[in-house]
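Peer 1: Residue numbers (the numbering used here), protein chains in the order written: chain A, 1 to 105; chain B, 1 to 105; chain C, 1 to 105; chain D, 1 to 105.
Worth double-checking, as some hints may not be accurate.
Heads up, the list lumps identical chains together, so a pair's fine if it works in one copy or across two of them.
Said to hold, decoys possible - BS3-like cross-link-like pairs, simulated, lysine-lysine; straight-line CA separation at most 25 Å: (1) Lys94 to Lys82; (2) Lys10 to Lys85; (3) Lys85 to Lys96; (4) Lys82 to Lys96; (5) Lys82 to Lys101; (6) Lys88 to Lys100.
The hints are simulated quantities; they were obtained by calculation from the structure and are not laboratory data.
There are 4 protein chains.
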Amino acid sequence: MQETINRIRKFRTDRDWDQFHTPANLSKAISIEAGELLENFLWDEENYNREHVLEELADVMVYCVHMADCLGVDIAQIINSKMDKNEKKYPVEKAKGSSKKYTEL
Amino acid sequence: MQETINRIRKFRTDRDWDQFHTPANLSKAISIEAGELLENFLWDEENYNREHVLEELADVMVYCVHMADCLGVDIAQIINSKMDKNEKKYPVEKAKGSSKKYTEL
Amino acid sequence: MQETINRIRKFRTDRDWDQFHTPANLSKAISIEAGELLENFLWDEENYNREHVLEELADVMVYCVHMADCLGVDIAQIINSKMDKNEKKYPVEKAKGSSKKYTEL
Amino acid sequence: MQETINRIRKFRTDRDWDQFHTPANLSKAISIEAGELLENFLWDEENYNREHVLEELADVMVYCVHMADCLGVDIAQIINSKMDKNEKKYPVEKAKGSSKKYTEL
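Required output: the full structure, derived from the provided sequences and hints.
Peer 2: Have a look at this one:
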């Protein structure tokens with residue numbers, strides 16, 4: 001994974017794109033790519049184009065890597081911090097088998 | 001990173017949430033979280049709440065990990081496949097310093 | 001405006017598309033179109049393509065009309081109900097000149 | 001409908017919010033609200049909270065009205081221009097009963 005992250009970084013710096021990568025712009029990019037991912041499931045949730053789905057999912061993740069870089073944070077670390085919170089918000093005994101939001105559990 | 005991915009998986013299976021994790025549902029979740037991330041930059045792109053931004057970014061990535069699992073793919077691999085395409089779509093000599101879409105380069 | 005709404009309805013029924021128009025599908029469509037609208041402002045918020053922006057804004061609104069139809073509600077009425085709430089959440093004396101969310105006012 | 005649009009305008013000018021209403025900011029707002037609308041259908045597309053859905057749909061439309069104002073355009077007119085295009089992109093004889101995108105028809 002580290003090699004892949006390095007490749008994403010090199011792609012950006014080779015093209016001198018750091019100048020466009022503000023947190024706000026990257027959050028727009030993530031939203032836009034998320035919309036393109038969702039489009040694959042618009043009218044039919046079962047028969048999707050798998051290749052397109054994988055490409056759009058990759059696009060979302062690439063911009064997430066750029067955003068983590070732009071904010072100067074380690075991806076594993078911010079995910080772990082969030083998982084600490086999620087584990088408290090959704091205790092196994094309450095959340096098991098339920099799709100309810102934590103505010104309704 | 002692998003440890004973090006394992007933690008995300010255990011979180012899901014402990015709560016018996018695989019049943020809700022279809023590709024379509026997860027792509028909705030990614031879009032929703034991307035919107036929450038974007039909300040931090042709505043009226044003011046400079047003075048954002050850093051802690052909230054990191055949490056929402058983590059949320060997007062956690063759902064991306066779930067989606068990769070749901071589709072049975074390796075994250076590094078699908079990112080690398082997409083980077084192969086991006087490198088062709090945006091050759092350094094054309095794309096350097098430009099924020100234009102590849103269709104306009 | 002009523003004539004325009006009727007035209008949107010006729011477009012849908014002429015194509016026998018009511019079958020695809022569930023509230024969930026239409027909310028996905030609105031999100032996807034909103035992402036396409038946002039794409040116009042991705043790297044540069046000032047120099048956007050006005051024609052594209054107007055088209056994508058129209059797309060969002062067309063799907064909103066479809067969704068109101070699908071839910072059997074009158075657009076003016078649901079907007080007015082929401083404006084009743086907004087006026088209470090954002091009293092003029094507190095909200096004037098401020099971009100803060102009501103939870104922070 | 002015109003009365004409702006006037007109410008939305010008065011709400012904005014009473015609070016001196018025109019200063020925050022750039023096309024880029026409003027397109028972010030539309031995306032964020034679209035995500036909140038979508039959240040109602042996240043894990044279960046059938047059993048949604050109708051009241052919440054109507055409120056979020058109204059939010060999307062209110063921001064669309066603000067955006068049309070900000071761009072100085074008439075809503076019915078830009079929808080009609082887009083419907084002209086849609087009618088050509090999706091001719092009845094080809095599109096009837098099909099959920100395919102025009103590029104695949």
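Peer 1: Look at each hint and say if it fits the structure.
Peer 2: Here is what the structure says about each hint:
no., hint, verdict
1, Lys94 to Lys82, "within (19 Å within a copy, 34 Å between copies)"
2, Lys10 to Lys85, "between (33 Å within a copy, 15 Å between copies)"
3, Lys85 to Lys96, "within (17 Å within a copy, 35 Å between copies)"
4, Lys82 to Lys96, "within (19 Å within a copy, 35 Å between copies)"
5, Lys82 to Lys101, "both (16 Å within a copy, 24 Å between copies)"
6, Lys88 to Lys100, "within (15 Å within a copy, 29 Å between copies)"
Of the numbered hints stated above, none is contradicted by the structure.
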